[in-house]
Amino acid sequence: MNKEEVVSSRGLRSAHNSRLAWRLSLIVLAGLLFGFAIAPIYDVMCKRYGLNGRADSVATNFDKTIKIDKSRWVTILFTGNTMPGLAWTFQPKQSSMRVHPGEISLTSYTAKNNANDSQLGVAVPSVTPEIAMLSFKKIECFCFKQQTLKAGETREMPVMFYVRPDLPSDINELTLSYAFYNGLPSADKAGLEASARNALN
Amino acid sequence: MSTTTTSHHDAHGHDDHGHPTGLMRWVKSTNHKDIGTMYLWFSFTMFLFAGALAMLIRLELFQPGLQFVRPEVFNQLTTLHGLIMIFGAIMPAFVGFANWQVPLMIGAPDMAFPRLNNMSFWLLIPAAILLLASFFVPGGAAAGGWTMYPPLSVQGGMSIDMSIFALHILGVSSIVGSINIITTIFNMRAPGMTLMKMPMFVWTWLITAYLLIAAMPVLAGALTMLITDRHFGTHFFNAAGGGDPVLFQHVFWFFGHPEVYIMILPAFGILSTIIPTFARKPLFGYASMVYATAAIAVLSFVVWAHHMFTTGMPVAGQLFFMYSTMLISVPTGVKVFNWLATMWKGSMTFETPMLFAVAVVFLFTIGGFSGLVCAILPVDIQLQDTYYVVAHFHYVLFSGAAMSIMGGVYYWIPKWTGHMYDETLGKWHFWLTTIAFNVTFFPMHFTGLAGMPRRIPDYSQQFAEFNMISSLGAFALGLSQLLFLYVVIKCIRGGAKATNQVWEGAHGLEWTVPSPAPFHTFETPPLVK
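Chains as they are written, first to last, in the working numbering: chain A, 997 to 1197; chain B, 8 to 536.
These aren't lab readings, by the way, just hints derived from the structure by calculation.
Owing to the predicted nature of the structure, the values given are computational and were not obtained by experimental measurement.
Zero decoy hints are in this set.
Below, a sample of chain A positions facing chain B; criterion: calculated Cβ distance under 8 Å:
#1 Arg-1009
#2 Asn-1013
#3 Leu-1016
#4 Leu-1020
#5 Val-1024
#6 Gly-1027
#7 Phe-1030
#8 Gly-1031
#9 Phe-1032
#10 Ile-1034
#11 Tyr-1038
#12 Tyr-1045
#13 Val-1120
#14 Gly-1179
Quick list of simulated restraints, FRET-style, between CB atoms:
#15 Ile-388(B) with Pro-1036(A): 23 to 31 Å
#16 Thr-1124(A) with Thr-154(B): 18 to 26 Å
#17 Pro-133(B) with Asp-1039(A): 33 to 41 Å
#18 Lys-1146(A) with His-238(B): 27 to 35 Å
#19 His-238(B) with Glu-1152(A): 32 to 40 Å
Ideal Cβ placement from N, Cα and C applies to all residues, glycine included.
From just these sequences and the hints, can you work out the full model?
Following this line, the structure appears as structure tokens:
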């Protein structure tokens, strides 16, 4: 093979190589886009299948066609806690309630701000067992919007809910839980860091 | 490693390229052999450093109670041990092999993009500096585990930012390197070398490179979301803002599980090269090996949530991920049986590379089986985050990946340096490593089954004996690697002259060039029949 031939075949090859490399970069781009796309896909899946509280922060209107199933009792346990960064006391007024599926019930939680300034809180609900989440519906809830408590203020926070009769028949007890977070992202982070420091000391 | 090539160069090289020397030879190198050598040395340095971190972990776990390091420091040690071993030691070692061997095996003069190749390597250095320096910033190194789950990774200090940035850089390096490798394999094979004639090592790297370019960008996405959550007020992973920490786990493991195969497929390629050489038989079931490798790669994208069985998932999802995970054992089993069939009735000899290869087949299979145990949903819920999992992934990553790398180094080092390594010391290194490895990690199956949680600096009295055994094994394992370093340096300095073929049963283009391989090879493509 003489030198010119080598050179020209090399030139061809490098054009070839660049074309393939650019095509491969499309896979990289697709991977990157998919990485970000997982976030909305996950959101949709969680809402559809009632995962991780996503189906839980939405108000539902009462479905009037639902009949109350007097033959069945379901026990609802209530619990709540505040996350680091929010200086509130937060607890249910009653720890449990027995209801019939299809029956509208009302309960409430009490929140008190122990801090010296007003604080913004966001409650994130969850229901266990997870499968019950799709059948547990809230008509009105303090978790639908942010709550602001002034220094030292106490507030009752009602929840109006019903359990759909399509709740799987093997479930006769479920737990409704709220985690109250500080609604200001910066305050939240500072609070978390402070509590992490406290935990270490 | 190839300083010796300089002296032999004049004898073999009839080309008109100037031969660079000194430091600039390495800094500006575009030569695949030099870059391969740098990758391997980088990887070995990181291996020893992350191994030293592991020694500190085992020192603390030698006895119950807190003796040597504070719990926060312990967490930093486990986190950085994982990060550095995966991204600093194992992955660059395989890229080093790819640089050295792929062009030699397919009869190409160099990689397709030599300058990009140089960049891929030198990107590793700032990334490594970021990771190492993160120990010295306020708050210490990242401490939330190598998986960097939020909320800990959102709350942590600036070392988290340094680790994220380091991983971004390493990701760019891997992606660029992989595009280079794929292009080299597709476009630069010698005439006559069809895809189904390629050596198995080249096939495994081709598929690994595809995994890398598909999976690394997903990690980049996860890390970017983490950064914006930390500094720019987004709430991807913050429950208070409508996000979900579990989302990170999904994105991370969508990258993380292919990553597992990125770290084992090239090891399979090395095994598939070593075993036929010393069994003096062709690889049994070559085509099935190729298809099995591809099948493992495809399946690796649909099993990620088996890392998250305890995060709360519908039963249908759990069952899907359980069965898809178990399905992976089918192509993996094909590979193991093919290696056994290759050895069957072969005229086997047991030089150091073969000892490593046989040990890897045996020990990796143990790791594969404990993986199957973990795949069983109800069992995994018990075993999640226990030492059983630690035992499992060290059986696949140390005795699978790292020991294959060691075997590969012994196998090819005569070609790299032109000298045979010290066989006696090599065998010592093998036996010490293998025995110490098992002493370290086999007891972890028992402590894990008994419920000892991982990533915790202290433990209950009942685990004391097993932990002491593990720690003693770990110290022996760590020290044995210094012997490896010695054998490698001794081999570079001198030793019996290696022939071109080196091993009696070795076949392939790389064994047709002189030992040590000259600076430039296959300038004129060889013809493959």
